[in-house]
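Enquirer: Protein chains in written order, with my numbering: chain A, 480 to 556; chain B, 480 to 556; chain C, 235 to 378; chain D, 235 to 378.
Everything labelled a hint here was simulated from the structure, so no lab data went into it.
Do not take every clue at face value.
Label-pair restraints from in silico Cβ distances [to be verified]:
1. D245(D) x R370(C): 37 to 43 angstroms
2. R542(A) x A365(C): 55 to 61 angstroms
3. T369(D) x K242(C): 47 to 53 angstroms
4. D502(A) x D366(D): 41 to 47 angstroms
5. G544(B) x R370(C): 32 to 38 angstroms
6. M235(D) x A506(A): 38 to 44 angstroms
7. G260(C) x A506(A): 48 to 54 angstroms
8. G497(B) x A259(C): 42 to 48 angstroms
9. A365(C) x R496(B): 27 to 33 angstroms
10. G504(B) x R282(C): 41 to 47 angstroms
11. R542(A) x R307(C): 53 to 59 angstroms
What you are looking at is a predicted structure, and each value in this text was computed from that prediction instead of being measured.
A virtual CB, placed ideally from N, CA and C, is assigned to each residue, including glycine.
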Amino acid sequence: MSITVRYFASLREQLGRGEDRLDAGDADTAAAVWARAVPERDMPERVLIAVNQEYAEPDHPVRDGDEVAFFPPVTGG
Amino acid sequence: MSITVRYFASLREQLGRGEDRLDAGDADTAAAVWARAVPERDMPERVLIAVNQEYAEPDHPVRDGDEVAFFPPVTGG
Amino acid sequence: MSVSLHPKPFDPWTLVATHQAGVAAGRFGATAVFVGTMRDFNEGDDVRAMTLEHYPGMTEKHLEAIVAQARERWTLEDCLIAHRVGAIEPGEPIVVTAVWSAHRREAFEACRFLMEELKHRAPFWKREALADGGTRWVEKNTEG
Amino acid sequence: MSVSLHPKPFDPWTLVATHQAGVAAGRFGATAVFVGTMRDFNEGDDVRAMTLEHYPGMTEKHLEAIVAQARERWTLEDCLIAHRVGAIEPGEPIVVTAVWSAHRREAFEACRFLMEELKHRAPFWKREALADGGTRWVEKNTEG
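Isolated chain A (complex conformation) (with noise of 0.2 angstroms):
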């Protein structure tokens, strides 16, 4: 198993690609998983959080096998 990272919209442009796959690690949450994914880059002030497709806070925490998502505000309608 592994944790599956995604990006989306203008993130997903700046970042030069759409998802990431990690190995799990300890005491994951959806900020440290950001760290661990894009090492280059501080997390965006006001990117959203998914984790399992349900909105999530920074301090998330996350597991193996979850799916945590990025992106910037939505715009839809």
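With the hints as your guide, set chains B, C and D onto chain A.
Expert: Coordinates of chains B, C and D only, in the frame set by chain A:
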């Protein structure tokens, strides 16, 4: 010329007629028109009044050629 | 801008689609529509049919005045009001109000305004035929 | 209850009419519908086309959750949300929210709630292609 008086809905049914024609009177108001057209009954408290198809108060002046309508609260839509 | 009275059943969605074909595309971002449909119950009673009386001439003038008020109050691209008159059966549409505007706030607020004004002031009167064979004039509109 | 994503253009009025055919006639007296349509301008610029990105899986779950919230808050007969994804041109519908209920207050309020929630939280992102050849991500939704 004359004044056309119209009644709608439950009021029309209660009076047994939809329309009266009156000669114009001196110093007519909508209330005075009611009193002359329907002498058998006081003007109902919640009645709505229109003079020439615009809402009006009981003291609205009425002239020769005008159309005065009396009707119960509206229930469309 | 369109205000119309319909003695026969109409399809509200076709009416709105047809009207919209005449609204400049690309200009409006928001359309709000309300459709009032005849229910088969009212105030706890089963209702079999309804007759909608109106005041020919004043009704149209009044609906046009309501639309003019909405257009003074909000920036709107277009408005439509259609209302049935005469004999109506449960499940049939009674009224449609539709508003096209650049932004959704205007569309929602103006569409609701048209309906509330229409309900409170437009000269229509409902007489219900009840399942038990009786008829009654509706005395008071439901609050909205 | 229906939530759907559409990679191709749809006709909102046909969608609503078709869905309504499955809602018990006579039970609902009020239908409120909102349609968001692509404009050819935004923030002062001419917009030629748009791409709507979304988060497959989360988007549907989130829209269904919004509908569930609305049904907890108001007594509703039925709800529909349809949303475009992918390449969109000016004049094409982007989103439809529709609510069927006994009374108009519920229908209006729930329809607006669905739109506001969708705008603020559902994972969709717009990229605009401008008339001058450039593209940009829309950063912020208009207030409604």
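Enquirer: Compare the structure with each hint and give your call.
Expert: Quick rundown of the hints versus the structure:
1. D245(D) x R370(C): 37 to 43 angstroms: At 40 angstroms between Cβs, range holds.
2. R542(A) x A365(C): 55 to 61 angstroms: Cβ of R542(A) to Cβ of A365(C): about 60 angstroms, so the range 55 to 61 angstroms holds.
3. T369(D) x K242(C): 47 to 53 angstroms: holds (50 angstroms)
4. D502(A) x D366(D): 41 to 47 angstroms: Distance hint for D502(A), D366(D) holds at roughly 46 angstroms.
5. G544(B) x R370(C): 32 to 38 angstroms: holds (36 angstroms)
6. M235(D) x A506(A): 38 to 44 angstroms: Since the Cβ atoms of M235(D) and A506(A) sit about 40 angstroms apart, the hinted range of 38 to 44 angstroms holds.
7. G260(C) x A506(A): 48 to 54 angstroms: holds (52 angstroms)
8. G497(B) x A259(C): 42 to 48 angstroms: holds (46 angstroms)
9. A365(C) x R496(B): 27 to 33 angstroms: holds (30 angstroms)
10. G504(B) x R282(C): 41 to 47 angstroms: holds (45 angstroms)
11. R542(A) x R307(C): 53 to 59 angstroms: The hint (53 to 59 angstroms, Cβ to Cβ) holds, given that R542(A) and R307(C) are roughly 54 angstroms apart.
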